[in-house]
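> Chains as they are written, first to last, in our numbering: chain P, 103 to 551; chain Z, 103 to 551.
A couple of the hints might just be wrong.
Because identical chains cannot be distinguished in the list, a pair is counted as satisfied if it fits within a single copy or across any two copies.
[Said to hold, decoys possible] SDA-like cross-link-like pairs, simulated, lysine to any residue; straight-line CA separation at most 20 Å: (1) 355 x 462; (2) 513 x 442; (3) 513 x 538; (4) 162 x 149; (5) 148 x 213; (6) 523 x 198; (7) 422 x 461; (8) 355 x 461; (9) 513 x 542; (10) 513 x 536; (11) 159 x 334.
None of these hints come from the bench; they were simulated from the model. Predicted, not measured: the structure shown is a model, and the values here were computed from it.
One-letter residues, chain by chain:
2 protein chains.
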Amino acid sequence: MMLGKMAVQGDAFYSLNTQDIKYIKNGLFCIDEKGFISAVYEKQDKAYDVVRESYLKEGKLKILSASEVMIPGFVDLHMHAPQWPQAGTALDKPLETWLQEYTFPLEAKYKDLDFANMVYEDVVRTTLSYGTTTALYFATVDREPSTLLAKICGRLGQRGLVGKVVMDDIVGNPEFYRDASLEKAISETEKFVQEVLEIQDTYKQKVYPVITPRFIPSCTDNCLEALGKLVQKYNVHVQTHCSESDWEHGFVKQKHGMNDAQSLNRFGLLTDKTVLAHATFLDDADVKLLAEKQTSIAHCPLSNVYFANSVLPFREFSEKGVNIGVATDISGGYSPSMYHAIRQAVISSRMLNDGVNSALTQEQRGRNHSAITLNHAFYAATVGGGIALNLPVGKLEKSYAFDVQMIDLHKNMPLFYAEKKEEDLFHKILLLSESQNIKEVWVQGNRVK
Amino acid sequence: MMLGKMAVQGDAFYSLNTQDIKYIKNGLFCIDEKGFISAVYEKQDKAYDVVRESYLKEGKLKILSASEVMIPGFVDLHMHAPQWPQAGTALDKPLETWLQEYTFPLEAKYKDLDFANMVYEDVVRTTLSYGTTTALYFATVDREPSTLLAKICGRLGQRGLVGKVVMDDIVGNPEFYRDASLEKAISETEKFVQEVLEIQDTYKQKVYPVITPRFIPSCTDNCLEALGKLVQKYNVHVQTHCSESDWEHGFVKQKHGMNDAQSLNRFGLLTDKTVLAHATFLDDADVKLLAEKQTSIAHCPLSNVYFANSVLPFREFSEKGVNIGVATDISGGYSPSMYHAIRQAVISSRMLNDGVNSALTQEQRGRNHSAITLNHAFYAATVGGGIALNLPVGKLEKSYAFDVQMIDLHKNMPLFYAEKKEEDLFHKILLLSESQNIKEVWVQGNRVK
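Turn these sequences into a full structure, and let the hints guide you.
Rendered as structure tokens:
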């Protein structure tokens with residue numbers, strides 16, 4: 103028998119679809135040399151015992167204890183890595199203060215590569231420790247620290263997708279923090295893409311460059327057009343903010359005479375590897391367009407509370423065929439934990455469903471048929487993220503990358519009372535885990551925590 | 103100089119009022135033999151050095167390290183201790199399933215005192231480890247395990263206020279889980295009150311009995327009336343659920359022809375030591391009544407998402423003179439952490455302010471002037487809780503109990519970037535801490551974690 107790199111024996115949960123969770127009791131997960139799952143055996147499979155014995159004999163079998171469970175690593179679909187130092191601060195301030203006094207001055211500091219190195223190492227170590235195995239990052243406007251972030255992801259073992267942020271409009275951006283010119287914005291972006299593509303295969307789990315216009319209000323039309331051409335030339339990922347708030351949505355409507363999604367599409371920026379953060383104000387035509395283009399939404403439930411003025415109609419958009427992933431959106435969202443993002447996705451959907459204002463009647467208050475299940479939020483944070491990025495991650499099945507969190511059940515969780523079903527245990531993991539419950543994290547078959 | 107039991111030297115934060123946080127740098131907190139703060143000295147105070155020297159010489163000075171900060175312990179104003187085993191489960195189920203298949207059968211199990219002992223020890227240890235120094239608990243309908251919970255709080259050092267739950271109505275409650283009769287409900291409650299009063303002073307931090315009708319729909323009118331008399335006779339605390347959801351609010355209106363608050367008042371159940379959980383559907387007259395009676399609300403922001411169909415208008419009720427505390431409401435709320443409750447209080451208030459449904463105009467969507475600050479939520483979780491219970495807890499000032507969490511800043515928190523103000527650090531503590539950040543917990547001058 104040809105053995106792979108190793109096998110892991112233990113219990114596991116993952117999403118079969120938006121509603122159903124697969125529970126494998128004492129499964130055998132075989133991992134090949136490249137870090138992909140080559141086979142999964144369940145107890146009742148004929149070959150289980152002989153395969154298990156083979157790995158065991160070769161010293162290639164890792165056996166989880168009875169108090170451990172595996173779930174897939176999370177895909178954080180939107181995070182501003184440079185904003186990590188200010189996570190949890192200034193959220194009571196108005197947006198203008200938050201941007202001008204906190205965010206932009208902080209992002210400008212990353213020109214200092216020592217500072218960038220120090221913070222970005224902490225970002226990647228922290229998110230890995232919270233179980234985020236794949237992350238789609240906004241870096242800053244400066245190229246060098248952005249490439250550095252990709253390298254740090256690579257070295258520390260995280261599947262990082264990184265964008266040098268583009269913001270060339272002299273009206274929409276402060277003088278101390280923007281691209282020097284349209285030409286510079288494009289040449290630096292192209293150089294960034296080339297630099298990251300060059301090192302992409304250096305790392306087993308790979309890293310990826312992402313074309314990243316901050317959002318329409320910060321870019322000139324010429325710039326967006328040129329970025330669209332780069333997307334076509336290099337066939338790389340795209341990320342931006344889209345229809346986030348009353349202000350932003352209204353601004354684009356006034357400037358371009360159409361919604362963000364339609365406008366981004368004109369510039370060739372809506373692909374099946376594009377991720378749009380927020381997207382709370384999409385109208386029916388926008389939703390249809392995203393579904394057609396197979397463009398995904400990064401749902402940022404926590405930062406939406408602070409800056410989006412409303413809740414993403416997650417269930418409605420999902421049922422209309424748009425793929426949705428979940429994101430922490432540091433530091434508009436204060437928490438680096440995808441567990442919190444998952445919980446908040448459910449919470450926000452229920453509040454949209456029931457409404458919030460008790461002075462209104464039940465009928466006026468909410469938006470019916472909007473609540474999502476915890477299983478659906480988990481699906482989005484794993485499988486949805488994988489679909490969004492066109493990457494084989496999010497499930498524990500053959501041909502998927504072995505990206506796994508090993509959960510220690512013997513902390514923070516009340517387990518002395520028999521759970522009625524496996525699903526009860528799964529929900530406890532999602533709702534009660536803290537970072538200390540995440541005992542080990544594996545990316546592409548390598549242990550990284 | 104007469105020294106007390108000990109002094110603690112270190113940095114501290116606490117609420118001066120609903121908006122302002124007092125920061126003391128390297129303060130000296132003197133604690134008397136009974137566990138109260140006898141004096142607080144700041145660096146600039148004349149006596150600081152001599153007092154410090156005196157405690158130091160006597161070996162009675164504890165000095166916090168530079169990476170530690172003190173904040174007051176939390177007051178959890180509403181928690182169902184017996185529901186802890188099912189925390190984080192079945193929240194996608196309809197209320198009826200949640201009650202009949204999960205909650206009531208679980209609560210009925212506490213007749214088994216071994217089971218009760220096992221779970222309740224875990225509840226008290228867990229909540230203490232999350233920084234909850236005072237807790238107002240619903241126990242179960244059975245007297246003996248309820249008294250046991252009070253004893254466990256006492257022994258483990260938590261300031262526990264415990265209620266034997268009253269639910270005597272044969273219509274509103276399942277046969278396997280309710281008071282055997284009206285008479286039994288009252289006699290068992292009175293016996294429970296006496297039992298807890300008897301052991302009250304056994305523990306330095308004390309424990310307290312609480313008159314606890316589950317809510318109006320589960321009690322007969324005769325029962326509520328008799329409970330009101332017990333309140334008068336023993337001058338003890340009261341807790342119940344109030345105007346929680348569309349269903350419950352409507353039920354009481356139909357049954358009694360008035361809102362919960364008005365009805366509870368008829369029975370003498372609204373005092374300045376009464377705590378009403380939820381209270382999301384109060385009308386103006388209810389709010390006025392609560393302010394007059396100095397009756398407090400236990401705001402349960404997380405469980406309200408699941409079972410209350412709307413958000414408590416926290417800011418409005420607070421500005422109209424009603425005192426509000428914060429609660430986890432295990433297991434309608436899944437988390438035992440008051441940090442999560444504080445965060446959700448802010449989140450829910452912002453969602454009430456901005457509204458949730460992007461299909462409506464900005465004007466139709468929200469309820470203006472509803473957002474609360476993080477400082478306000480913290481105030482409610484500490485000082486507000488103390489006021490609700492008429493207990494000297496929640497501040498780090500002279501005559502308050504020394505109830506403190508000592509926070510380790512060297513975990514989970516990005517501190518390499520200089521915070522602009524002390525408040526930034528304080529907000530990071532509130533928004534990013536996990537239980538492992540809570541290094542020590544002290545109640546009434548005793549270390550309990």
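> Each hint: holds or not?
Hints versus structure:
no. : hint      : in the structure
1   : 355 x 462 : between (30 Å within a copy, 17 Å between copies)
2   : 513 x 442 : both (17 Å within a copy, 17 Å between copies)
3   : 513 x 538 : both (8 Å within a copy, 11 Å between copies)
4   : 162 x 149 : within (17 Å within a copy, 67 Å between copies)
5   : 148 x 213 : neither (58 Å within a copy, 47 Å between copies)
6   : 523 x 198 : between (48 Å within a copy, 18 Å between copies)
7   : 422 x 461 : between (32 Å within a copy, 16 Å between copies)
8   : 355 x 461 : between (32 Å within a copy, 16 Å between copies)
9   : 513 x 542 : both (14 Å within a copy, 18 Å between copies)
10  : 513 x 536 : both (9 Å within a copy, 12 Å between copies)
11  : 159 x 334 : neither (50 Å within a copy, 75 Å between copies)
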